Amino acid sequence: MSGASLLQRASAAVLAVFARAVTGVRPIWAGTSPNGPLRIYFANHASHGDFILVSTCLHPAERGRTAAVAGADYWNAGRVRRFIASRLLRTVLVERNWVERRADPLAVMLAALDAGESLIFFPEGTRNMTEEPLLRFRSGLYNLAAARPQVELVPCWIENMSRVLPKGAFLPVPLLCRVVFGAPLKLEAGEDRKVFLDRARAALLALAPRKDGTPQ
Amino acid sequence: MTDDTTCLFLGLVAVLTVASLVAAILSWRSPKPLPSTLDNLNARIKAWWIMVAGISLAFLFGKGGVILLFAFVSFAALREYVTLTNTRRADRWTLLGMFLIVIPVQYYLIWIDWYGLYSIFIPVYCFLAMPAITALRGDTSRFLERVSEQQWGIMLSVYCLSHVPALVTLPIPGNEGRGLLLIAFLIATVQGSDVLQYIFGKLFGRHKVAPAISPSKTWEGLIGGIASASLMGAGLYWLTPFSPLEAGVLAALACIMGFFGGLVASAIKRDRGVKDWGHMIEGHGGMLDRADSLVFAAPVFFHIVRYAWT
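Sequence lines, in order, name chains Y and G.
According to numbering that gives the first Met the number 0, the residues represented by the first sequence are 0 to 215, in order.
According to numbering that gives the first Met the number 0, the residues represented by the second sequence are 0 to 309, in order.
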């Protein structure tokens, strides 16, 4: 799968217009520029709208080569979801269930990177439904960084999307959203898995607004 | 009416052209890179061109165009306001109702000119329905605070602002078919007052009106701006059914209300720790940064005109 199909480009453009109409989303480039080498955008995750928001903030060319990593168990359940995930959106589906999985998620993601795709990745592994701003990172981000050290890891803090479209909601509440793109990270030589994941999590959390909930 | 509209439009274009020329000369003579004030001035003037174009387009479509324009302004303003409030998951239905029901219904009621309902729809029915819905959801944490924050949001962003297009429905004897010009008069004087307060403040501002709330509001700017905007309002009497003196007095009143609108908006922003409501309008901030003065001026202007002229 290299390059977006016409349908995927069209639906990405339509979603971007819709996302802007509802959320007025603005990218804040704090520490990196919109154009760069192959990237993994890693972001906080609380809503189905999250990857649409990140994708909306990217330049069309970058958007065209960027795919979102999503759970195969969710998106392959039912024909409509499968059609949305495979035909309308650009997704890389990974199987999260250890026991039953047939394809190694890491291999699937690396294949996408090797095919020249940037990835939108949610290192918490699932949507965060707690009052905590950010869950503990699973090891996926480390494994990706270790396997492809030349790929830039860009932290993206998604603000307010969980209020716009929380889990289980269908209609979005119009609220202003921002995506803050921070300085790219790289895995240091010999860096321990846990040290790296903590560092990446801290880098993402540092982009969040102050604790009283007001934007920066 | 067509001649007067053309006059007004050409006048606005002339004012903006002069403003653009002055800004261009200032930018040309200033050391590079431009100081932030000048940068902001250029952005503001550019945004004014776009806003005047948008308002003119709406006026071309008449009453329906102006109602749609202000429904959109309400939507953008309410979105900025709600973003700054502390909502909980249980407020979802209330919030969706505000955007999907209250805004369309309020502006539809103005379209069909049902004064008896649009003047009470929000303060009576919505204000009672909102706490009821919130209570039904069962989450009582910070109940009073959550309900009243949202009530005030639709009061400012929807109810008050909807009184701008409602002016077109006022049956003023001898003013038939000229309702749009009354709207133009209100917008021109209130927004003109904002601009003139800004100019007087930048040129002569020394003594702050409310240093704890806004560093940019000065007595010199306030008095100079409102006095000159009132004179301008008197000079625009030909848009209205008023005499020059009446037009000047009403303009002064609208400008004073507009000043309080800006002051209250600044207090809310200060409380929430933000400088601007949003970023929709380059150089100005968000929609509410531009519309805050109209929010306070419109309902008072509407009701005085309705009481005394109909």
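Hints are not guaranteed to be accurate.
As the list claims (entries may be wrong) - Some, not all, of what chain G presents toward chain Y, calculated at C-beta under 8 Å:
1) Arg78
2) Thr82
3) Arg91
4) Gly96
5) Phe98
6) Ser213
7) Lys274
What the hints contain is simulated information worked out from the structure, not anything from laboratory work.
Note that the structure is predicted; figures quoted are calculated from it, not measured.
Glycine is no exception: its CB is placed at the ideal position from the N, C-alpha and C atoms.
Legend entry - Interface hint outcome for phenylalanine 98 (chain G) [beta carbon to chain Y under 8 Å]: 6 Å, holds
Legend entry - chain Y contact restraint on threonine 82 (chain G) - CB to CB distance below 8 Å: It holds, given that the least Cβ distance between threonine 82 (chain G) and chain Y is near 4 Å, below 8 Å.
Inset, instruction - Mind checking the CB of glycine 96 (chain G) against every CB in chain Y and telling me if the closest is under 8 Å? - result: 10 Å, violated
Inset, instruction - Answer holds if the nearest beta-carbon of chain Y is closer than 8 Å to that of serine 213 (chain G); otherwise answer violated. - result: 18 Å, violated
Inset, instruction - Mind checking the CB of lysine 274 (chain G) against every CB in chain Y and telling me if the closest is under 8 Å? - result: 10 Å, violated
Legend entry - Agreement of hint arginine 78 (chain G) with chain Y interface, Cβ distance less than 8 Å: 5 Å, holds
Legend entry - Restraint outcome when arginine 91 (chain G) is required to lie within 8 Å of chain Y by C-beta distance: 6 Å, holds
In terms of the numbered hints stated before, the structure departs from hints 4, 6, 7, listed from lowest to highest.
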